[in-house]
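Given these sequences and hints, build the entire structure.
Protein sequences, first through last, are from chains A and B. My numbering numbers the first residue of the first sequence as 1 and each following residue consecutively. My numbering numbers the first residue of the second sequence as 1001 and each following residue consecutively.
Worth double-checking, as some hints may not be accurate.
[Stated by the list, open to error] Computed list of lysine-lysine pairs in DSS-like fashion (alpha-carbon distance at most 25 Å, straight line):
no.: 1; chain 1: A; residue 1: Lys-91; chain 2: B; residue 2: Lys-1347
no.: 2; chain 1: A; residue 1: Lys-91; chain 2: B; residue 2: Lys-1378
no.: 3; chain 1: B; residue 1: Lys-1374; chain 2: A; residue 2: Lys-91
no.: 4; chain 1: A; residue 1: Lys-126; chain 2: B; residue 2: Lys-1037
no.: 5; chain 1: B; residue 1: Lys-1071; chain 2: A; residue 2: Lys-144
no.: 6; chain 1: A; residue 1: Lys-146; chain 2: B; residue 2: Lys-1071
[To be verified] Rough simulated footprint, nothing fancy, chain B against chain A, three-plus residues with beta-carbon under 8 Å:
no.: 7; stretch: 21-28
no.: 8; stretch: 45-52
no.: 9; stretch: 55-69
no.: 10; stretch: 85-99
no.: 11; stretch: 106-112
no.: 12; stretch: 116-125
no.: 13; stretch: 136-145
[As the list claims (entries may be wrong)] Partial chain B-side listing against chain A, Cβ under 7 Å, derived:
no.: 14; residue: Ser-1054
no.: 15; residue: Trp-1114
no.: 16; residue: Ser-1140
no.: 17; residue: Pro-1225
no.: 18; residue: His-1557
Since the hints were derived computationally from the structure, they do not count as laboratory data. Backbone N, C-alpha and C define an ideal beta-carbon position, used for all residues, glycine too.
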Amino acid sequence: MPSFVITQKCDGCKALDRTACQYICPNDLMVLDRETGKAYNRAPEMCWECYNCVKICPTQAIEVRGYADFMPLGAVVQPMRSSDAIIWTVKFRDGQISRFRFPIRTKPEGSVQPDAGFSTGTSDLKSPLLRTEPDSTGMSDLAKMKE
Amino acid sequence: MEKADLFETVEINTDLLILGGGMAACGAAYEASHWAKQHNLKVTLVDKASMERSGAVAMGLSAINQYLGLKDGKNKLEDYITYVKNDLMGIARDDLVANIARHVDSSVHLFEQWGLPIWKDEQGRYVNEGRWQIMINGESYKPIVAEAAKNALNELGENGSYYERIFITGPLLDGNRCIGATGFSVRENKFYVFKAKSVIAAMGGAVHVFKPRSVGEGLGRSWYPPFNSGASTYFTLKAGAELTCQEVRFVPVRFKDAYGPVGAWFLLFKSRATNALGEDYMETRAAELKNWLPYGNAKPTPANLRNYLMMLEVEEGKHPIYMRTEEAIQNIVREAKDEKTSKRTLKKLENEAWEDFLDMTISQALLWASTNVKPEEKPSEIAACEPYFIGSHSGGSGAWVSGPEDIAPPNYRWGYPNMTTVQGLFAAGDASGASSHKFSSGSFTEGRIAGKAAVSFCVDHPGMPVSLEQKILEIKEETFRPLHTFDQHKEYTNDPNVNPNFIKPHMFMFRLQKIMDEYAGGVSNLFRTSRPLLEKGLDFLQFMKEDAEKLAAADSHELMRCWENIHRLWQAESHIRTVLFREETRWPGYYFRTDFPTMDEKWHCFANCRWDPESGEWEMMRKEVIDLVK
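And the structure:
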């Protein structure tokens, strides 16, 4: 099954008001089993393998086992996402391991200023200029087509 | 007691209602908040998932595919229009493409300021993948953009809000005016009625309409996300809006099975694709392009024609088709002047190649790892995916929308920019048609355009919409009917999924996919279809429309699946009807009409359709293509 939950590691996000994986899954697949207190993927065949549940899980209880109808067993691709970078460990079927690190954002989460320091050159609702334009285009006016 | 009675009705009154939470919806919320503040208006966004990771960019992206570089004089608007027009075999709205193109760089500059890492060269310039594409470290692209949209809504104080995990089923109408939407929460027993002065549909494209290549667990590994289920098409159709290019599906060619991106390999690493014999079919089959002039001569060759040449190889049994990664890497490494540089180059390439997958299609990294693929050592298979409906990429499907005042010719202009033919209903991203190649940045930008225009509509139409209490009660009952159906009949059999009184959404979807695959030119028919096949397919869809009333759901998650598949069904019907209407083959690598195997000048026009909410009849229309660039 695409994303799966390691029973021993999942604590059902006890400390939170909802499980992290349930909050994030774009396809509403992750659910908390009230009896066991563990989360699970209710429809693995609808899983996009987007890894958002894997990235967000506070106990690293979720991994992905590639779609069994076309992937041989044995590979692991596992992320560790920090505030500004993500580190991927790729384990091949033959045991070889590669590691990659990529930046994910240049400014801290929560710091986004909508106007980003640009000013809006009009207050006219009928003008084609959008918020922050023309400043944010880097030009003095919108580009035009030749007549 | 009716199941519907268990759901509390929550009524939300707003001015602008934004449906969706992806790039276009975030763009709309971002832009509309600014203008709404000046006019003391409310903006409300409704997302079926969590904005932080919803929509097509949920996983991330490794490139931004639309950036013109206008400020540096790299390109002109006309260049982009020509590129899009050629890629779509002459069928595109120049005014819409130009409007997005003149604003898109601004959006990208905002993304960078918000914290999106964009690759830079030594001079501090963006690194281009191709002429229009720039490379990013895009793992957190969507969280960054969603944060900007949420913060923009926050600037409105009480007037700005967003709702998550609410699935919108359909529109609220007052004649030819859209005055809101209804839906339900997938988390709580709540039925939502949103009333608004203007509405923006931005709920993405449609996946899982056609049978995918993988039907086990790999069903979910669609190239476009499986949670984009045709809501935009359904919403605009049911509102009575005219739709365009519903025949212009998109068939991407990607790494086989995991559907990893090929753009970086073709454009950045200059890789070739060959057949099993090592022949480059773009060269050996170049003569075929002459059958599709003038577009066959365009550079780059239109996506559907590149597909088509590859499909001809497959028809002749000359596959597997390979992306020659090993050759491309050798070519790049060979240019290094010494062994040390060569090793460093190889390491850099390895990083870039893996990031390309890890940023946006992690499954492809898993597939390479599980099959011990080292791209520098051996080539990897590529193949045509199943068809998708995505007006933001190289497909064209979506609503027929009004063009910008200062660019659009009179025939393309009937009101506010990006307003559909229904008053007060706007469309952006995959929801708006004939303005292909918007991708992530252009969809966000089109959302901005629609956002500003929709606020303008609210200011010009200050009256609150009429009350529709009786209608809303009917809609509520229809919304929850699948729960009721299940409850009423579940005791009859001892299998919750097999019961003669109802059909579960999963099997309903499989039936739809089978019909589309076999009759409307899916993968198993090598994308070929004809009038007799299409008419047969349409017959089967009519049975499905009847059976849709017997869809059954055990819980609100399954209720969402029911409605997603009703939405897909309408997407399928508009597609078949339009493929049937256009009696020619214009995009041979997307679908091939065996009864009309060539391109016909008299079909150099848009094929539009409209479902009439009053009569329930479909109307098919031709609309003129007006070239703004000669």
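Any hints from earlier that this structure breaks? Give me their numbers in increasing order, please. Of the numbered hints, all hold.
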